[in-house]
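Enquirer: Got chain B sorted already, so can you dock chain E onto it with the hints?
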Amino acid sequence: MLTLIGVLIVVVGFVLRLNPLLVVTCAGIATGIAAGLDLTAVVAALGRSFVESRYVAIVWFVLPVIGLLERSGLKERARELIAGIRVATTGRVLLAYLAIRQVAAALGLTSLGGHAQMVRPLIAPMAEGAAESRFGELPKVTRDLVRAHSAAADNVGLFFGEDIFIAIGSILLIKGFLEQNGIRIEPIHLAVWAIPTAIAAFLVHGTRLLLLDRRLRRELGGASGEGAA
Amino acid sequence: MISLEFLYVLMGLLVGGVALVNLLTRDNPKRLRNALFWGIYAVTFLGGSRLPDFANGILVIAMVLVASFGGLGQGKTDGGGREAREASARRWGNRLFIPALVIPALTLLGTLTLKRVRVGGAPIVDPAQVTLVSLAIATIVALAVGMAMLRPPALAPLREARRLLDAVGWAAVLPQMLAALGALFALAGVGRVISSLAGRWIPLDSPLAAVATYTLGMALFTMIMGNAFAAFPVMTAGIGLPLIVQRFGGDPAIMSAVGMLSGFCGTLMTPMAANFNIVPAALLELPSEYSVIRVQLPSALLLLLANTTLMYTLVFRF
Chain B
1 MLTLIGVLIV VVGFVLRLNP LLVVTCAGIA TGIAAGLDLT AVVAALGRSF
51 VESRYVAIVW FVLPVIGLLE RSGLKERARE LIAGIRVATT GRVLLAYLAI
101 RQVAAALGLT SLGGHAQMVR PLIAPMAEGA AESRFGELPK VTRDLVRAHS
151 AAADNVGLFF GEDIFIAIGS ILLIKGFLEQ NGIRIEPIHL AVWAIPTAIA
201 AFLVHGTRLL LLDRRLRREL GGASGEGAA
Chain E
1 MISLEFLYVL MGLLVGGVAL VNLLTRDNPK RLRNALFWGI YAVTFLGGSR
51 LPDFANGILV IAMVLVASFG GLGQGKTDGG GREAREASAR RWGNRLFIPA
101 LVIPALTLLG TLTLKRVRVG GAPIVDPAQV TLVSLAIATI VALAVGMAML
151 RPPALAPLRE ARRLLDAVGW AAVLPQMLAA LGALFALAGV GRVISSLAGR
201 WIPLDSPLAA VATYTLGMAL FTMIMGNAFA AFPVMTAGIG LPLIVQRFGG
251 DPAIMSAVGM LSGFCGTLMT PMAANFNIVP AALLELPSEY SVIRVQLPSA
301 LLLLLANTTL MYTLVFRF
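Protein sequences, first through last, are from chains B and E. Read in our numbering, the first sequence has 149 at position 149, and its numbers run on one by one without any break. Read in our numbering, the second sequence has 263 at position 263, and its numbers run on one by one without any break.
Chain E with its partners taken away, still in its complex shape:
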């Protein structure tokens, strides 16, 4: 059965390869730091499931220290040079899209079919991880198609992966670090403290006040936790159910659906949702980590207002 563990080995080999290329290419004055950072990251993929928690924690802290003090660098080798790329674009034309579109097409196909494929009664893919496994398989097929078609030097994919991964830099591991922070927040009961504070200080004696506190609270709490899933149980148990549903007689389905979407407005506005907001800023080589958030801010605020209005007009009517 193909499980996550198999994908982690592939990721470990890729990231380890990136570390090696960094070590061996002399175009980056900080190449040793980069090699160390990606090297440790590779260890967490290859050995993370077997190492004791404490050892993993030390590896994580070592990565953070390497990235924070002195920082990571980037090589100067750009992807083939502009003229070569333009010539290649003219030569291959729209065929270049084939490998790129193989990825979403096969991921989709795999997600829809692999769940049902069984060999000798056992599923060949862990049913809980079908999407990620499909993405990995689609990527391998796309790489094979690309290599067969373009015939680049054998190490080109690894060198290009290093160029992109170095461009993303430490932001690549931020989503995982935030997940760790979320776990520690949960352990310490941060959510309970915040919702009891909200309940104590905000007068909630009208339906409008309750609805507005709930939607704004969902957005705000999501911004703090980086994740609407963490905010929903806390806000709904603290304000949604006791006030909107029980006291004012609102509909729980409408409240929950629109409440969750109010949380998503918060997701658009927070650096804590790193994989949606910080990672693309790094991936698109934008000047500030907040470039994407800045663009999303007006839509997020307008939609939060829309959600509050929608909930207030609908929740007491059905």
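Chain B on its own, in the form it takes in the complex:
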């Protein structure tokens, strides 16, 4: 039971809103000690797995380009472009992105998207721009809501698209695990059974995006713009 101390620290730390970096580090050290390692071994284990997982940070390599383009007005341009398309609303822009992201991931093209490369410089400004062209300058709460929805569309599209592709990590993991337990299954059978959930995800999240449009209309009113009706 003592081995669960790390889980407890994480839950309490996140609930109390302590700095997550500190909470996670403490949980790791406590778990290691509870498992009977000495402090040097715990610190070494921490260092080894931190260094081994440096690949997750490579996404930050795009920041110089993204920053350069932002400085040159990329976000402003993305906003204007969407503002010029009459039928574009926040919900529809994000619905289109959800569809593209999900289909691309289902074809194995999971790199076509991402928060640093797509959401911050392009998708979020477009979603904001669509709302601004109808309702004028957005209150901060609304702008933040639209941004959070932009990030969510990327995640939902990726998660519930990728498992339809037969060579994705999770499918290979399932296949390997079942094989160890004496069950042989072709990846295609796993991929096929990911389709019902993928459809459900598109329906559920897509509906919520269209409801977001309704909420924006209700909260920001039809005071400005003909598209508000």
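If you are wondering where the hints come from, they were derived from the structure by calculation, not from laboratory data. Do not rely on the hints blindly, as some may be mistaken.
[To be verified] Cut-off 20 Å, straight-line C-alpha distance, at most; resulting in silico cross-link-like pairs (EDC-like, lysine to aspartate or glutamate):
(1) Lys175(B) to Glu186(B)
(2) Lys140(B) to Glu289(E)
(3) Lys115(E) to Glu5(E)
(4) Lys140(B) to Glu186(B)
(5) Lys76(E) to Glu285(E)
(6) Lys140(B) to Asp213(B)
(7) Lys175(B) to Glu285(E)
(8) Lys140(B) to Glu285(E)
(9) Lys30(E) to Glu285(E)
[Claimed, not checked] Under 10 Å between C-beta atoms, here's a sample of chain E residues computed to sit facing chain B:
(10) Asp27
(11) Asn28
(12) Ala84
(13) Leu101
(14) Thr111
(15) Thr113
(16) Gln129
(17) Ala156
(18) Ala161
(19) Leu181
(20) Leu302
In this text the structure is predicted, and so the values were computed from the model without any measurement. A virtual CB, placed ideally from N, CA and C, is assigned to each residue, including glycine.
Expert: Only chain E this time, still in chain B's reference frame:
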């Protein structure tokens, strides 16, 4: 052969550059802390593979301490000023999208082709890392296109990278820290303890109870571990295979596919999946780390219900 190590050197130079810009720009009262934090991070990229594990561990703890006590700051220099940006947007118009779209387009092209490119019989790119290497190459090309087109001051990309990286702050290293926590959890056998607890306390004498425990357990355990991949073997060995498949005769393919997707519902709801949930909140400068999770919560819960229903109706029928 271009391997991950090559990308780590590039990352080390970038993060080290960000540390230097922080040190030399006097617009941030906490610039020394920022410089120290990014400086240490740069060392883990440049020297991490050669340093002993213990030294890396000390570097990591030093970063955590710098970030947690006193905190990091942000400079005041915004990306060029609003009016300059709007003028530039009018001047360049849709051409601004070219470098931005070069990144996904070339990443895609590289992912599809680089695996097969060989020079003298040896692959030029580590086949296991094609996507990341493609992303890096695409980024370098996009940067070159952007520089040639926009002709900004030579240091502009580095200054802008510093603006963005400081905006993300400590959240930038949280995914790696969570990977380290996952490794320690595995070492201590946290998964085994949790699945034995679940098996002991929950009555699983009906197919519906077994299915619901498995899907909810996948989501819950994924929330704890931050990763459905860590939850899947534990939950499937503990509940899925012995109960759904062996006792009630369910189909293992359906159970596994829908089970994994139930885990993904958990991923949408947990701060432990930092690169999907916490990092974008920082990247989009949202007021709370939980802003993205809050928006995802209703979809995640509805889909978890959908997965449970789907599994219950399908798994015993095929």
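Enquirer: Now, for every hint given, state plainly whether the structure supports it.
Expert: Hints, verified against the model:
1. Lys175(B) to Glu186(B): 7 Å, holds
2. Lys140(B) to Glu289(E): 16 Å, holds
3. Lys115(E) to Glu5(E): 18 Å, holds
4. Lys140(B) to Glu186(B): 50 Å, violated
5. Lys76(E) to Glu285(E): Status holds; Cα separation ~15 Å.
6. Lys140(B) to Asp213(B): 17 Å, holds
7. Lys175(B) to Glu285(E): 39 Å, violated
8. Lys140(B) to Glu285(E): 11 Å, holds
9. Lys30(E) to Glu285(E): 19 Å, holds
10. Asp27: With a minimum Cβ separation of about 16 Å from chain B (threshold 10 Å), the hint on Asp27(E) is violated.
11. Asn28: 16 Å, violated
12. Ala84: OK, holds: Ala84(E) within 10 Å of chain B, min 8 Å.
13. Leu101: This hint holds: Leu101(E) lies near chain B, its Cβ roughly 9 Å from the closest one there, short of 10 Å.
14. Thr111: The hint holds - Thr111(E) has a Cβ within 10 Å of chain B, the shortest such distance being about 6 Å.
15. Thr113: 13 Å, violated
16. Gln129: Hint on Gln129(E): holds, closest Cβ of chain B at ~8 Å, below 10 Å.
17. Ala156: Where the cut-off is 10 Å and the nearest Cβ of chain B is about 6 Å from Ala156(E), the hint holds.
18. Ala161: 4 Å, holds
19. Leu181: Because about 4 Å separates Leu181(E) from the closest Cβ in chain B, which is inside the 10 Å limit, the hint holds.
20. Leu302: 5 Å, holds
Hint compliance for this structure: hints 4, 7, 10, 11, 15 are not met, and every other hint is.
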